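Whenever a hint applies, use it, and build me the whole structure from the sequences.
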Amino acid sequence: MNYNDLKKQIEKKKSLLCIGLDTDIEKIPKHLLKEEDPIFEFNKQIIDATHDLAIAYKPNTAFYESLGYRGWLSLEKTSKYLSEMHPEILSIADAKRGDIGNTSTKYAKAFYEKMSFDAVTISPYLGRDSATPFLEYKDKWVIIIGLSSNPSSFDLQLIQEIESRDYIFEKVFRYGKWWGTEKNMMFVVGATMSYKLRQIRHIVPYHFLLIPGIGAQGGSLEDVCKYGLNKNFGLIINASRSIIHADESENFAATAREKALGYQTQMAKILENFNKKGRRRRR
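Residue numbering for the sequence shown follows my numbering, starting at 375 and increasing by one per position.
By construction, these hints were calculated from the structure, which means they are not laboratory data.
These numbers come from a predicted model, not from an experiment.
Keep in mind that the hints are not guaranteed to be accurate.
What the hints assert, rightly or not - Distance condition first, Cα-Cα at most 30 Å in a straight line; then the derived DSSO-like pairs of lysine-lysine:
hint, residue 1, residue 2
1, Lys512, Lys551
2, Lys451, Lys386
3, Lys600, Lys557
4, Lys418, Lys388
5, Lys381, Lys454
6, Lys454, Lys418
7, Lys451, Lys514
8, Lys388, Lys470
9, Lys480, Lys418
10, Lys514, Lys480
11, Lys483, Lys512
12, Lys387, Lys418
13, Lys551, Lys488
As the list claims (entries may be wrong) - Ranges between beta-carbon positions, derived for each pair:
hint, residue 1, residue 2, range
14, Arg444, Glu646, 38 to 46 Å
15, Ala628, Ile536, 49 to 57 Å
16, Ser457, Phe528, 37 to 45 Å
17, Ser526, Gln573, 18 to 26 Å
18, Lys386, Glu439, 31 to 39 Å
19, Glu535, Asp422, 46 to 54 Å
20, Lys480, Glu385, 35 to 43 Å
21, Lys386, Pro525, 32 to 40 Å
22, Glu487, Glu537, 36 to 44 Å
Ideal Cβ positions, reconstructed from N, Cα and C, are used throughout, including at glycine.
Below you can see the structure in the form of structure tokens.
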């Protein structure tokens, strides 16, 4: 999926919504446990119920890897289902890989070739070598962990250099911008760090930002959009538990749709107001 395809999805659906498929075997409805592959069946029903509202899906691979080979098979099947049934929707492997050389090359092969993901999240700590093998694939995306919202993010990301006065997280965005372009590189910014988005947009004005933390983690949709939207929209806003695990009954998919529709409705209003302001500025 390329930059323009993603932009068109946002315009068509009036949505910035990414649904995180952080599927917890202990939280899925009990009636699904009799299925041959309960995780995939759960994901399939969530996707079927919400695909017209979402521009992206993001399985967190830890929820699958923790189940051993069966979980990995569920992840492969989910990736295949998305690529075959909804190729217009961005699929993100939230894997947070971060290695170099042949190891990084093999990670890229796993997620882009063995599976069919459009994007992979990676940690930038080892530098450019951790991203390069992923960037060699056409119409695929690298999503660098830029600024997270967990409490201990302050341990490293908000250290300030004495000479340049740059924060470490600012250097991550600067280097990431040099490693790739806005057409193949995105960055993760936690929703509760929305007050830093003005700084970030100064460095990467046109890149897409993946924003987790709306919903159960307490991030503000309004603040994220206020400070993060750009002329090409530039935001993919993720909600996971608040959608997929909102209901453990047999009606879980309908409830997930209701929750997703709530987010999409808010986003549509924000985008409408944003477009009106943009038109006024262009006059």
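inquiry  = Check the hint pairing lysine 387 with lysine 418 against an upper bound of 30 Å on the C-alpha distance.
reply    = The hint holds at about 20 Å.
key: Consistency of beta-carbon spacing, glutamate 439 to lysine 386, with hint 31 to 39 Å   = holds, 34 Å
inquiry  = Range first: 36 to 44 Å. Now tell me if the beta carbons of glutamate 487 and glutamate 537 are that far apart.
reply    = About 43 Å separates the Cβ atoms of glutamate 487 and glutamate 537, which means 36 to 44 Å holds.
ask   = Range hint 37 to 45 Å: satisfied by the CB atoms of serine 457 and phenylalanine 528?
value = holds, 38 Å
ask   = Would the pair lysine 600 and lysine 557 pass a check requiring their Cα atoms to be no farther apart than 30 Å?
value = holds, 23 Å
request  = Using the beta carbons of lysine 386 and proline 525, state whether their distance is inside 32 to 40 Å or not.
outcome  = For proline 525 against lysine 386, whose Cβ atoms are near 38 Å apart, the range 32 to 40 Å holds.
query = Are the Cα positions of lysine 454 and lysine 418 separated by 30 Å at most?
reply = holds, 11 Å
query = Between lysine 388 and lysine 470, is the straight-line Cα distance small enough, at 30 Å or below?
reply = At roughly 28 Å apart (the allowed maximum being 30 Å), lysine 470 and lysine 388 satisfy the hint.
ask   = If you draw a straight line from the CA of lysine 512 to the CA of lysine 551, is it 30 Å or shorter?
value = Cα-Cα ~17 Å, so holds.
message = Tell me if the beta carbons of alanine 628 and isoleucine 536 are separated by a distance inside 49 to 57 Å.
response = holds, 56 Å
message = Hint check: lysine 418 vs lysine 388, CA-CA at most 30 Å. Holds or violated?
response = holds, 23 Å
inquiry  = Between the beta carbons of lysine 480 and glutamate 385, is the distance compatible with 35 to 43 Å?
reply    = holds, 37 Å
The structure shown violates none of the earlier numbered hints.
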